[in-house]
Amino acid sequence: MARLGDVPDLSSVPTAPLLAAGLVGGFALAQQTGVRPLGGAAMLGANVVAARQWYAVGGAPLAVGLSAVYWAAMGVSHPLAKKVGTWPSVLGVTAVAAGAAWVLADRRR
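So the sequence shown is numbered by the working numbering: it starts at 417 and just counts up by one.
Don't read these hints as lab results, they were simulated from the structure. Just so it is clear, the structure is predicted and the values come from calculations on it, not from any experiment. Warning: the hint list may mix true and false statements.
Across the chosen pairs, the derived CB separations fall in these ranges [as the list claims (entries may be wrong)]:
no., residue 1, residue 2, range
1, Gly501, Val451, 18 to 26 Å
2, Arg419, Val492, 27 to 35 Å
3, Arg419, Val500, 42 to 50 Å
4, Val519, His494, 19 to 27 Å
Ideal Cβ placement from N, Cα and C applies to all residues, glycine included.
Generate the whole structure from the sequences, applying the supplied hints.
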């Protein structure tokens, strides 16, 4: 039975939906609260959990590479949003980052 203060074991959670939750949830959180660093903190939390799993699957190169894809997706979403709109941009870059995580890490587990 879990006790208050216990940290859940997230090592069995696939990283693709975790990244999707980090990008989409981080954006929604920042948009709803008006506090962009709060959205960044949500994204960082998802990245930290995912990077531990990536490291276990493929070592530092995989963890660093997929982390770079994740943060680049967030960066690309800003100029892309000016062309296609905010939510289509966020969902598009999320699909790319989550797809990369699935192909390179999740299906290898």
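So which of the earlier hints does this model not fit? Number 2 - this is the single hint that the structure violates.
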